[in-house]
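K.L.:
Sequence:
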Amino acid sequence: MKRSALYLALLMSCFHATAFAADVTHADNHVQSQQNYTEVQKVDSTLTIENATAKATIPGASVSAGYMKIINNGDTAITLVSASTAIAKHTEFHRMFMRDNTMAMRKVDKLEIPANGNLILASKGYHLMFMGVKQDLKPNQVITVTMKQDNGKQFDVRLLVIPIKKY
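For the sequence shown, position 71 (counting from the first letter as 1) is numbered 62 according to our numbering, and the numbering increases by one without interruption.
Everything labelled a hint here was simulated from the structure, so no lab data went into it. Predicted model, so just to flag it, every value in this text is computed and none were measured. Each hint should be verified, as a subset may be incorrect.
[Unchecked claim] Pairs of lysine to any residue residues, derived as SDA-like cross-links and limited to a Cα-Cα distance of at most 20 Å, are as follows:
1. 156 with 132
2. 60 with 72
3. 101 with 72
4. 115 with 96
5. 60 with 145
6. 144 with 77
Based on the provided sequences and hints, a complete structural model is requested.
P.N.:
Shown next, in the form of C-alpha cells:
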C-alpha cells in the first residue's frame, strides 16, 4: 500500500510539473488562464463561488485539478470536509508547498473558509484534485462538483474546463 501511495505521489508530481508549469499566478493568486473567466455562483446568503475552473486533461491522463475562490460573508467559519464529482473516481483537497526547494503536494482532510473571509484554490496552493478521471476533460466543458460541509450541508459548484497552457 505504501509503495502504491508513493508511486501515485511521484506520478502526480510529474503530471503537475508538466501540465501546470506554464501557469502564472497574479497578485490575487488567480491563474493567468482564469483572468477572463468571471462567473459568480451564489450558493446561499453567505457563500459565493467565483471563477471556478478545472484543467483539461492531456490524452490518457487520469488526473486533473480544480480551482476557485470561495467567499464566506457570514459571521461563522465554513468547513468543507469532502468533494465529489461524477467525472472522477475520487476527489480530494490538496495543498502544494515547498519542501527542500522542491514543490510537493499533500492531501488535506478539510478546508476552512474564515468568517467574513475567503479561500483561494489555485495551482500553487490549495486545490481540488480529481483522480481516476473517467473521460478526457475538454476545454469549455462544464463539470459539477458537490462540496460537503462539516454540518452536513451540500452544494454544487460548476467548473469550466480550461485548456492546459503550453510553453
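K.L.:
Indicate, hint by hint, whether the structure satisfies it.
P.N.:
So, going through the hints one by one against the coordinates:
Between residue 156 and residue 132, the direct Cα distance comes to roughly 16 Å. Compliance with the 20 Å bound is thereby established for this hinted pair. In summary, the hint linking residue 60 to residue 72 is supported, as the alpha carbons are separated by about 17 Å, within the 20 Å threshold. Annotation: proposed proximity of residue 101 to residue 72 holds, straight-line Cα distance about 5 Å (limit 20 Å). With a CA separation close to 9 Å, the supplied pair residue 115 and residue 96 stays within the 20 Å bound.
Taking the CA atoms of residue 60 and residue 145, the gap is about 17 Å. The hint holds against a cut of 20 Å. Between the alpha carbons of residue 144 and residue 77 the distance comes to roughly 19 Å, so the proposed pair stays at or under 20 Å and holds.
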